[in-house]
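Asks: Each chain is listed here by its residues.
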Amino acid sequence: MKKLMLLLIALLVLVTGPAALAQEEGVTLRVLVEGGGISLQLAAAQLFEEQTGHTVEFVEVPYPSVFEDLAAEMATGGSAYDVATIDVVWIPAFADFAESLDALITDEVAADIFPALLADGLWNGSYVGMPTWANAEVVYYRKDLWEDPDEQAAFMAEYGYELAPPTTWQEFTDMAVFFTRDTDGDGAIDLYGTDVKGAPPGADVEWMVHVLQAGSPGVVLGADGSIIVDNDAHLAGLEYYVSHHCDMGLTPPNPLEIGWAEGESLFFQGVTAMTRFWGHAYRLHQFDLSGGLVGAPYLGPDAVANVGVAPMIAGEAGIGSIPGPWFNIVPKTSENKEAAMAFVQFMYDQNVLGVQEPLGLSARISAFEQFAGEENYESLSALIATLNGPQTIGRPLVANWQQVSDEVVVPMVQDALSCEVAPADALAWARGELEAMGFM
Amino acid sequence: MSRRAPGPGRLLVYALVAFVMLVYISPYAYMMLTSLKPPEDALAIPPHILPRQLSLDSYTRFTSDAEVPRSFLNSFIIALMSTTLAVALALPAAWAISRYGSWPARVFLLVTLVTRMIPYIAIAIPFFALMRSFRLTDTWLAVALAHVTISLPLAIWLLAGFLEAIPSELEDAARVDGCSRLAALLRVVVPVAAGGIVVTAIFCFLASWNEFLYALLLTSVEAKTAPIVIAGFKSQYSLNWGSMTAVGTLYSLPVIVFSLFMQRRIVAGMTMGAVKG
Amino acid sequence: MSRSDRRYVLLLLAPAAVFLLVFVAWPLLNLFRDSLYEVALLKPGERAFVGLDNFQRALTSSRVGGAALRTLGYTAIALSAEFTLGFVAALLFNSLGRRSELLRTIFLFPLMIPPIVAGLLWRFLLIDNFGIVNHILQQLGLLASTSDVAWLGDRDIVLFSVALPDIWLTTSFVTLVLFTGLQNIPVSLLEAARIDGADALQLFRHVTLPLLRPVIAVVLIIRGIDAARAFDIIWVQTEGGPRFASEVLSMHIYRTMIRYGDLGFASAIATLFLLALLALSLLAFFVIWRPDAARGSA
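Chains as they are written, first to last, in this note's numbering: chain A, 1000 to 1439; chain B, 2 to 278; chain C, 939 to 1236.
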């Protein structure tokens, strides 16, 4: 028995040994990222390697695995990662495991970061995450339809105002109604005004932008952790969102099968005239026409040429959206903290490089503004306007947000979008579930 | 019975079978056809069955990226490692079970049977912690070891069936010639059972090649296997059916073609496990 | 059996036994231990012993109960479809005799496809708005509109829909095993019964079925265990939705453990799942199959 164990251990050493011996002078930083994180930081990381002699090894995993890998890593006290680029929703879960970055975030640094992002990286009075880039849902519309003189005239005649990208709830609805039609005369609708998302990811967050636009101070839970999921703004926002599907039939059928990815495809395949989607897609697809991007669905020049981007619409309380910022954190278990801090600082300094990447995102106001007017960057001004919107507010920072989202928010939205449960009843159910989870 | 011209009943059976085959093959055929469409057509609405034009773009789009080839290599090496280990561990145990059916052997057979019934998710997390403490996460070995927990019971079960067919006189004869028992097992029994061992190895290889959950939890970059990469083509923000169908085809087609050549042996192995138990 | 024989047997069993102890038994012991604690995945160091509280929570949770019922439902759907289709196909092949070899070879291929690819592929086929299945059904005039059946969005049918790739992948296994079982039935027995005046149906009921019983039992048990453990093939199609209508136990445990980080509670559910599966399959094994009897007769 003992001999066998020894043999086994010898075997383990034999297989893993060479990797352990391969350390050279510079430090090797292992950075956990999702696909988007790697492309936005690759160029800057190469500069970092050249200037410091360190090696940066990106560990690229699918979106859910970022959380799962890091969670499993933390669970076992591992130190495989020196830096992790994480979604804002995971900040509370990992805040206690992240080094304070207060030293890096000077007044000067803070002034150049969108305020909503800075707030999201703050935990118990200390900055644990350095914003790396920000994203937000904006309005995508079919430029070819909006710029068509016939459509413009017909719209003017019917609604009495110019056909332009929508800026308010009413305009958005009007235009969705206007473009929902049977284009080939076979009796079935084949162009829908917009879409609604009933499958995660998408079902969890998208309806919330309207809750914020209606003036809610936050979504689902207030800043103090109290339940606000059934306040008037939540009801107004959910009713508005659901009405396009249940009452007016402006959206493709069976929304419970449609999440962000499906919604994007429907829009780019010409099935919807407008869609709410994250701001990065415009530049991504522009870029893809020349390059051939690994991992991005290629759309072809026609679909891309027809895309226009406008800021997220405004409700009574103004423009509002859910920002999707990502942060660099340094796990406390990192064995190369000094180099890791230097890396995080460097990523902020060179943040503008991210704007030139296919995803075209940054966390710095100055970086966005530098490119906003240029060709192929037309979506940036819409993104800036949305991120600066008065009602652009992050999701609540609670450690079990994932559970709240999976167990309460998504089923609630699916109930409402099934059109069998009234929005008010769905929200009341959500309150009950949240109370059962211990929220007040 | 065999030389009669097919009657109408027989023809009906043929037609029925042909129809079932068509339905059975069509999902895979549709996947291959989709991989040959230009990528922007992969998600066209309404969908078309046949490509409007043939294109290899879905295949060439990721040739610039080392991730896909590397994941194929990882899958291959991990499958080889786990297969070797599983067969090496299973062979003596199976011999003990089929040659000396004493109570420890029977108890052991029951244990492997019970192992076969454990939900993967129940072992996955504590297994991950164990690999962590050995500092083995994201290595070939960690995934291979995890896969052996799946394939070892299978290998023991299959090999015990194959070895049962070998007369014990064979070992006895070798021992009369002066071999030790272990040498008799290796020099006489193993060559005779080679066919069964190959079949067992194929099944172990397949179990590892196609596995997802352990690979998902245990790998991040270095040892990431192809199923994880394929799953990544459906990400948060995009559906990438073009690449998914292309990589899915590349990953499964060689195994399918290989299995067609090995058909008789594979069927023998499969039915051995179930029919002979 | 001599003493040296017995030592030799133990020596032969030792490598595999050590492996199973280290890599299966030890993780399982850790699972059992964690199930007695209130412990978060992220903070395994901070644990509080809570006895059987987690088990009480699991047994009274409607979410766990629902997932358990759906696991049974999913297993029943997959198993009955695979068995029915597989049996019919095996009988067809059997009636063709040796001429079915090429067809059987073709029939083998889905077994080689990774479940993850099968799951994604079927999602691609079934998903409303994009999928080819509804498109074809509409072209054939079976559906008025491609949105009439929401395979993956309708709570009432989603559990059936997510079982389709599983059925597609493993019906061939059932077919091939049953086919071999049918081929192993001695022709003389069938001839004798026929001479006694039995018609085809009687032959099937009184000769074929009884002789096939051990094979049928083992197929059902093997496939039943695999269907009950299913995870990845459903996860990539729906992540358990809509509204948990396709969430089976493996998935609920995964969600609780990985996404919610509730290690103690998840370990308790996993322990219960493990015990239930063991009890059910061992019961099936000894009651229906009787391994020794089957070994003798096959």
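Derived by calculation from the structure, the hints in this document are not laboratory data.
Beta carbons are placed, not taken as given, at the ideal position from N, Cα and C, and that holds for glycine.
It is possible that part of the hints are untrue.
[Unchecked claim] With beta-carbon atoms standing in for the labels, derived distance ranges:
no., chain 1, residue 1, chain 2, residue 2, range
1, A, E1315, B, T61, 47 to 53 Å
2, B, D173, C, R995, 56 to 62 Å
3, C, S1126, B, P168, 22 to 28 Å
4, A, N1123, C, R1093, 37 to 43 Å
5, C, A986, A, D1106, 41 to 47 Å
6, B, D173, C, P1124, 27 to 33 Å
7, A, G1186, B, L13, 37 to 43 Å
8, B, I50, C, R1093, 27 to 33 Å
9, A, D1101, C, R1093, 57 to 63 Å
10, B, P52, A, E1157, 38 to 44 Å
11, A, G1186, B, H49, 18 to 24 Å
12, A, G1124, C, P982, 23 to 29 Å
Asks: The structure should be examined with respect to each hint, and the outcome stated for every one.
Replies: Now for the hints, and whether the structure bears them out:
In this structure the hint that E1315 (chain A) and T61 (chain B) lie 47 to 53 Å apart at CB holds, the actual value being about 51 Å. Between D173 (chain B) and R995 (chain C), the C-beta spacing of about 59 Å keeps the proposed range 56 to 62 Å intact. The hinted window of 22 to 28 Å between S1126 (chain C) and P168 (chain B) holds, with their beta carbons roughly 26 Å apart. Take N1123 (chain A) and R1093 (chain C): their Cβ atoms lie about 41 Å apart, and the range 37 to 43 Å holds.
With their beta carbons about 43 Å apart, A986 (chain C) and D1106 (chain A) fall inside the hinted range of 41 to 47 Å. For the hinted restraint 27 to 33 Å between D173 (chain B) and P1124 (chain C), the CB-CB distance of approximately 32 Å keeps it satisfied. Distance hint check: the CB atoms of G1186 (chain A) and L13 (chain B) are about 40 Å apart, consistent with the given range 37 to 43 Å. Evaluation of the 27 to 33 Å hint for I50 (chain B) and R1093 (chain C) yields a pass: the beta carbon distance comes to about 30 Å.
Checked against the given bound of 57 to 63 Å, the beta carbons of D1101 (chain A) and R1093 (chain C), roughly 49 Å apart, lie outside it. At roughly 41 Å, the beta-carbon separation of P52 (chain B) and E1157 (chain A) lies within the given 38 to 44 Å, and the hint holds. At about 22 Å, the beta-carbon gap between G1186 (chain A) and H49 (chain B) stays in the expected band of 18 to 24 Å. Roughly 27 Å separates the CB atoms of G1124 (chain A) and P982 (chain C), a value that falls within the hinted 23 to 29 Å.
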